[in-house]
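Asker: Given these sequences and hints, build the entire structure.
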Amino acid sequence: MDRGTVYVGSFDNKLYALNASDGARKWEFAAQGAIVATPIVDGDTVYFGSFDRHLYAIDAGNGQLKWEFEARHGFWAKPVIVNELIYAPSLDGRVYVLNASNGEKVAEINLNSPVSSSPVVVGNFVVVASEAGALWTIDTATNEGRELVSVGEKVFSSLAASETSVFVHTDRDSLFGVDVDTAALRKYDFK
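Going from the sequence shown to the working numbering is simple: count from 1 and add 1021.
The hints are simulated quantities; they were obtained by calculation from the structure and are not laboratory data.
On a predicted model such as this, the values are computed, not experimentally measured, just so you know.
Treat each hint with caution, since some may be false.
Each pair of labels, with its calculated beta carbon distance range [to be verified]:
id: 1; residue 1: W1048; residue 2: E1091; range: 18 to 26 angstroms
id: 2; residue 1: D1043; residue 2: N1131; range: 40 to 48 angstroms
id: 3; residue 1: E1184; residue 2: A1051; range: 24 to 32 angstroms
id: 4; residue 1: Q1053; residue 2: L1196; range: 35 to 43 angstroms
id: 5; residue 1: R1046; residue 2: A1204; range: 45 to 53 angstroms
id: 6; residue 1: A1204; residue 2: N1104; range: 19 to 27 angstroms
id: 7; residue 1: N1104; residue 2: D1023; range: 14 to 22 angstroms
id: 8; residue 1: G1082; residue 2: S1031; range: 16 to 24 angstroms
id: 9; residue 1: A1128; residue 2: K1035; range: 36 to 44 angstroms
id: 10; residue 1: T1203; residue 2: Q1085; range: 45 to 53 angstroms
id: 11; residue 1: N1040; residue 2: T1163; range: 23 to 31 angstroms
id: 12; residue 1: S1134; residue 2: D1065; range: 14 to 22 angstroms
Below, a list of computed lysine to any residue pairs in the SDA-like style, where the Cα atoms sit at most 20 angstroms apart [what the hints assert, rightly or not]:
id: 13; residue 1: K1047; residue 2: V1027
id: 14; residue 1: K1087; residue 2: E1105
id: 15; residue 1: K1087; residue 2: D1043
id: 16; residue 1: K1099; residue 2: F1177
id: 17; residue 1: K1175; residue 2: N1164
id: 18; residue 1: K1126; residue 2: I1102
id: 19; residue 1: K1099; residue 2: P1135
id: 20; residue 1: K1047; residue 2: F1072
id: 21; residue 1: K1099; residue 2: K1212
id: 22; residue 1: K1212; residue 2: R1193
id: 23; residue 1: K1035; residue 2: G1084
id: 24; residue 1: K1087; residue 2: P1135
Even glycine gets a Cβ: it sits at the ideal position worked out from N, Cα and C.
Answerer: See below:
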């Protein structure tokens, strides 16, 4: 939600902008594939990925297309924006770093496994988990990625973060904490 407008994607291949107070439709944008990730809003632009392999930038006020970027596979995870760059993980196993104003590709980091988990920002790093369980950091100053650690279990859920750590919930219902600076891995027994 942003400035009284709720943005929601749908399996009918559309992004809807709804008035938060009464649910009235302000506009809709049609993609060519389902939109399952939560859209993000930055300034006057809504960004979202679709199963049609495209990441879209849409004018938040009128729903008009500003630009689109085509990947090798669809997008399941919500991207993040840092310093006017979009970090968009894809089911093709890559994180695309795009210029937020025009969609131009700045970098591409190959994680070697699909990504359905939304990334988080910790300090100067974007942290993302591949479905294979590898946690990667992308330095926001250089846009270089490196594998931090593997939790050894599959990851589909979004990450959570504190000032220095990320928390990962796996398909085996395990919870791990990882220090981003030291790669120290801790498993939490919460059951």
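Asker: For every hint, state whether the structure bears it out.
Answerer: Now the hints, each set against the structure:
no.	hint	result
1	W1048 with E1091: 18 to 26 angstroms	holds, 23 angstroms
2	D1043 with N1131: 40 to 48 angstroms	holds, 45 angstroms
3	E1184 with A1051: 24 to 32 angstroms	violated, 40 angstroms
4	Q1053 with L1196: 35 to 43 angstroms	holds, 37 angstroms
5	R1046 with A1204: 45 to 53 angstroms	holds, 47 angstroms
6	A1204 with N1104: 19 to 27 angstroms	holds, 24 angstroms
7	N1104 with D1023: 14 to 22 angstroms	holds, 20 angstroms
8	G1082 with S1031: 16 to 24 angstroms	holds, 20 angstroms
9	A1128 with K1035: 36 to 44 angstroms	violated, 30 angstroms
10	T1203 with Q1085: 45 to 53 angstroms	holds, 46 angstroms
11	N1040 with T1163: 23 to 31 angstroms	violated, 42 angstroms
12	S1134 with D1065: 14 to 22 angstroms	violated, 35 angstroms
13	K1047 with V1027	holds, 10 angstroms
14	K1087 with E1105	holds, 15 angstroms
15	K1087 with D1043	violated, 27 angstroms
16	K1099 with F1177	holds, 12 angstroms
17	K1175 with N1164	violated, 25 angstroms
18	K1126 with I1102	holds, 14 angstroms
19	K1099 with P1135	holds, 14 angstroms
20	K1047 with F1072	violated, 23 angstroms
21	K1099 with K1212	violated, 29 angstroms
22	K1212 with R1193	holds, 12 angstroms
23	K1035 with G1084	holds, 11 angstroms
24	K1087 with P1135	violated, 27 angstroms
In summary, the structure is inconsistent with hints 3, 9, 11, 12, 15, 17, 20, 21 and 24 from the numbered list given earlier, while agreeing with the others.
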